[in-house]
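**Q** With the hints as constraints, model all of the structure from the sequences given.
Protein chains: 2
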Amino acid sequence: MAHVSIIGTGNMGSALAGLVTKGGHTVESFNSSDADKPVTGEVVVLAVPYPAVAEVLAQRGGQLAGKVVVDITNPLNFETFDDLVVPADSSAAAGIAAALPTAKVVKAFNINFAATLSSADIGGQTTTVLIAGDDADAKALLADIVTAGGLRAIDAGALKRARELESLALLQIGLAAGEKVSWTGGFAVVP
Amino acid sequence: MAHVSIIGTGNMGSALAGLVTKGGHTVESFNSSDADKPVTGEVVVLAVPYPAVAEVLAQRGGQLAGKVVVDITNPLNFETFDDLVVPADSSAAAGIAAALPTAKVVKAFNINFAATLSSADIGGQTTTVLIAGDDADAKALLADIVTAGGLRAIDAGALKRARELESLALLQIGLAAGEKVSWTGGFAVVP
Chain E
1 MAHVSIIGTG NMGSALAGLV TKGGHTVESF NSSDADKPVT GEVVVLAVPY
51 PAVAEVLAQR GGQLAGKVVV DITNPLNFET FDDLVVPADS SAAAGIAAAL
101 PTAKVVKAFN INFAATLSSA DIGGQTTTVL IAGDDADAKA LLADIVTAGG
151 LRAIDAGALK RARELESLAL LQIGLAAGEK VSWTGGFAVV P
Chain L
1 MAHVSIIGTG NMGSALAGLV TKGGHTVESF NSSDADKPVT GEVVVLAVPY
51 PAVAEVLAQR GGQLAGKVVV DITNPLNFET FDDLVVPADS SAAAGIAAAL
101 PTAKVVKAFN INFAATLSSA DIGGQTTTVL IAGDDADAKA LLADIVTAGG
151 LRAIDAGALK RARELESLAL LQIGLAAGEK VSWTGGFAVV P
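As they're listed, the protein sequences go chains E and L. For what it's worth, our numbering labels the leading residue of the first sequence as 1, then goes sequentially. For what it's worth, our numbering labels the leading residue of the second sequence as 1, then goes sequentially.
No wet-lab data here; the hints were simulated from the structure. Even glycine gets a Cβ: it sits at the ideal position worked out from N, Cα and C. Errors might be hidden in some of the hints.
Ranges between beta-carbon positions, derived for each pair [to be verified]:
| hint | chain 1 | residue 1 | chain 2 | residue 2 | range |
| --- | --- | --- | --- | --- | --- |
| 1 | L | 65 | E | 124 | 40 to 46 Å |
| 2 | E | 31 | L | 24 | 54 to 60 Å |
| 3 | L | 182 | E | 66 | 33 to 39 Å |
| 4 | E | 11 | L | 85 | 33 to 39 Å |
**A** Now the structure itself:
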């Protein structure tokens, strides 16, 4: 059984807490008033908006040493929905990995709308979580948590693939914000 | 009724010819031995592998003036499936648009595997074509052709979005090449 710390109690943090507990794992959740409470999970999910990541890393960088750190963020320009705010050849995940050199950073959940995590369904397909990262054990642990919670997990490759996962999310969020797809839809992964 | 010139007779060119004719539009197809035959369609589809685009533009650049040019290419490094070969902040489509300043370049079909164009189905969803471009009339014309052929079309925004569409394709082709999804699956757009 894994113990998972989820930083952030918004739509995504709540949906992820539900997913983890559904699979029989334990969760501790942290909101913005819990800055002084240390994380104790071996897996820590950064379920905060991208602009809040820097503060979380400043507060908790030391606590994250050696842990599996799950980056679910999307570094969008949320004023325009037209750009990412990270370098075009990089990703939010790469930046987080650089800031946490001993953590095992994985990118996951950033292309999953919260509703599809809770329902486990997107257009008749089981919601699939794409997991990118450079540590195979970290990816396998997260995949176990995902599948125990009733979703599918696919290893999407190295952490380098976070660039494409974040690009996909820019496209998907733009389509949803523009009412071309709903927030219960988007891109489904078909086997 | 639109007349559509399709340059390329591979899997994608063949599937697109079927789609266009299914919708009651007319098609002329060109293979690599047709270099001297001019295109006559008001819509021209570049259904060749990305490395062949430069030669097509060199041969036919003048013929494409003023036309709707549909770029379906994916500028992958096909040796590694690990990178795109265009600048990280740009796209194949942007390069083609720069080379054809009077053409109306749209990006489309690059995230649709050929089988899903022919079957009109991906995981129980109607196959959806995302169309990005800077000319609204060009996008509307292509959307009409797509919907007449039995698929869904969604305006994905400006040609700038080709960057994300090509990133998505890198991810999707990598998943298929790695047997994580099949060539009849991939990313379905769920409304």
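**Q** Hint by hint, say whether it matches the structure.
**A** Now for the hints, and whether the structure bears them out:
1. 65/L / 124/E: 40 to 46 Å: Check passed, 45 Å falls within 40 to 46 Å.
2. 31/E / 24/L: 54 to 60 Å: holds (57 Å)
3. 182/L / 66/E: 33 to 39 Å: Given range 33 to 39 Å: holds, Cβ gap about 38 Å.
4. 11/E / 85/L: 33 to 39 Å: This hint holds: roughly 37 Å between Cβ atoms.
Comparing the model with each numbered hint stated earlier shows that all of them hold.
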